[in-house]
Amino acid sequence: MRRTGLIGRIRLMGRSAIDVVGVLGRSSLFLMHVLLGRGGTSGRFQLLVKQLYSIGVLSLPIIVVSGVFIGGVLALQGFSILARYGSEQAVGQMVALTLLRELGPVVTALLFAGRAGSALTAEIGNMKSTEQLSSLEMIGVDPLKYIAAPRLWAGFISLPLLSMIFAVVGIWGGSWVAVDWLGVYQGSFWSNMQNSVSFTDDVLNGLIKSVVFAFVVTWIAVFQGYDCEPTSEGISRATTRTVVYASLAVLGLDFILTALMFGDF
132 MRRTGLIGRI RLMGRSAIDV VGVLGRSSLF LMHVLLGRGG TSGRFQLLVK
182 QLYSIGVLSL PIIVVSGVFI GGVLALQGFS ILARYGSEQA VGQMVALTLL
232 RELGPVVTAL LFAGRAGSAL TAEIGNMKST EQLSSLEMIG VDPLKYIAAP
282 RLWAGFISLP LLSMIFAVVG IWGGSWVAVD WLGVYQGSFW SNMQNSVSFT
332 DDVLNGLIKS VVFAFVVTWI AVFQGYDCEP TSEGISRATT RTVVYASLAV
382 LGLDFILTAL MFGDF
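Using our numbering, read the sequence shown as starting at 132 and increasing by one per residue.
Please keep in mind that the hints were generated in silico from the structure rather than gathered at the bench. C-beta atoms are modelled at their ideal positions from N, C-alpha and C, and glycine is treated no differently. One thing to keep in mind: the hints can contain errors.
What the hints assert, rightly or not - Just the calculated beta-carbon pair ranges, DEER-fashion:
id	residue 1	residue 2	range
1	LEU189	LEU335	26 to 36 Å
2	ASN326	SER265	53 to 63 Å
3	TRP307	PHE330	53 to 63 Å
4	GLN325	GLU262	54 to 64 Å
5	THR389	GLN208	41 to 51 Å
6	GLY365	LYS181	24 to 34 Å
7	GLU360	LYS181	22 to 32 Å
8	ARG215	TRP321	15 to 25 Å
9	ARG368	GLY271	27 to 37 Å
10	GLY394	GLU364	41 to 51 Å
11	GLN317	PHE393	23 to 33 Å
12	PHE393	LYS181	53 to 63 Å
13	LEU189	VAL299	17 to 27 Å
14	GLU360	TYR316	57 to 67 Å
Please take these sequences and the hints and turn them into a complete structure.
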């Protein structure tokens, strides 16, 4: 009996491994077709602009509001910790470095996955379930070029810009809390931040992170929409998978990139 149960668990693990390999293979082929084959955006500039508005501009409210609050929280927590050592005037340095290096790219990517990523998956999944993708193929229009490519490139462009906006708004929110609420000298806040922030080590590395996150999150979202079962339950499961997989990918990649950028190797 125990042997039968062990064999069953081994079979289940084997099937799960095969499923994972299959998904990785299909998603890689999908990405290759979109980027290198039939997925160019030549002549589709209007589609790209439309998706930039849908994915990027409509995500601005949640990015701005979240940035203000997170910057304020960083200022409150940083002031509380630094005051123990008499270094509360360095709160601007802490807020800026935390947002530019870490929280700006990561939180923006997580918000993007929850708002834009889930919407992309649901939209493409709905097109699949209503046979709109099949209809495009029947009239000689490539769905990868018409549907997938503009959304993929729009996400790739939007997320890094949103990340920079998040960091700027967060720094402003932190300065508002630190200077106007906690009584930190305004000159100290901005001068400490200016003296400690490096473009290559902080701003550029944060931008690289956001570019990587943009690529992965949008790839997952678009592929899950194309690969989902054409039913309402299938679309719902695909949308959930998008948010879960994208969030885990962002956090895992953040650790790897942080180790490569700032680790002592």
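Now for the hints, and whether the structure bears them out:
1. Range check, LEU189 to LEU335: Cβ separation about 28 Å, and the 26 to 36 Å hint holds.
2. Look at ASN326 against SER265: about 60 Å separates their beta carbons, and that is inside 53 to 63 Å.
3. At roughly 24 Å, the beta carbons of TRP307 and PHE330 sit outside the given window of 53 to 63 Å.
4. Judged by the Cβ atoms, the range 54 to 64 Å given for GLN325 and GLU262 holds: they are separated by roughly 57 Å.
5. For the pair THR389 and GLN208, the beta carbons lie near 20 Å from each other, so the given range of 41 to 51 Å is not met.
6. Range check, GLY365 to LYS181: Cβ separation about 26 Å, and the 24 to 34 Å hint holds.
7. Here the CB-CB span from GLU360 to LYS181 is close to 27 Å, well matched to the stated 22 to 32 Å.
8. Roughly 23 Å separates the CB atoms of ARG215 and TRP321, a value that falls within the hinted 15 to 25 Å.
9. For ARG368 and GLY271, the Cβ-Cβ distance of about 32 Å falls inside the hinted range of 27 to 37 Å, so the restraint holds.
10. Taking 41 to 51 Å as the suggested C-beta distance range, the pair GLY394 and GLU364 conforms, at roughly 43 Å.
11. At about 29 Å, the beta-carbon gap between GLN317 and PHE393 stays in the expected band of 23 to 33 Å.
12. Distance hint check for PHE393 and LYS181: the Cβ-Cβ separation is about 38 Å, which falls outside the suggested range of 53 to 63 Å.
13. About 19 Å separates the C-beta atoms of LEU189 and VAL299, a value consistent with the hinted range of 17 to 27 Å.
14. Distance hint check: the CB atoms of GLU360 and TYR316 are about 59 Å apart, consistent with the given range 57 to 67 Å.
Hint violations for this structure: numbers 3, 5 and 12, all remaining hints satisfied.
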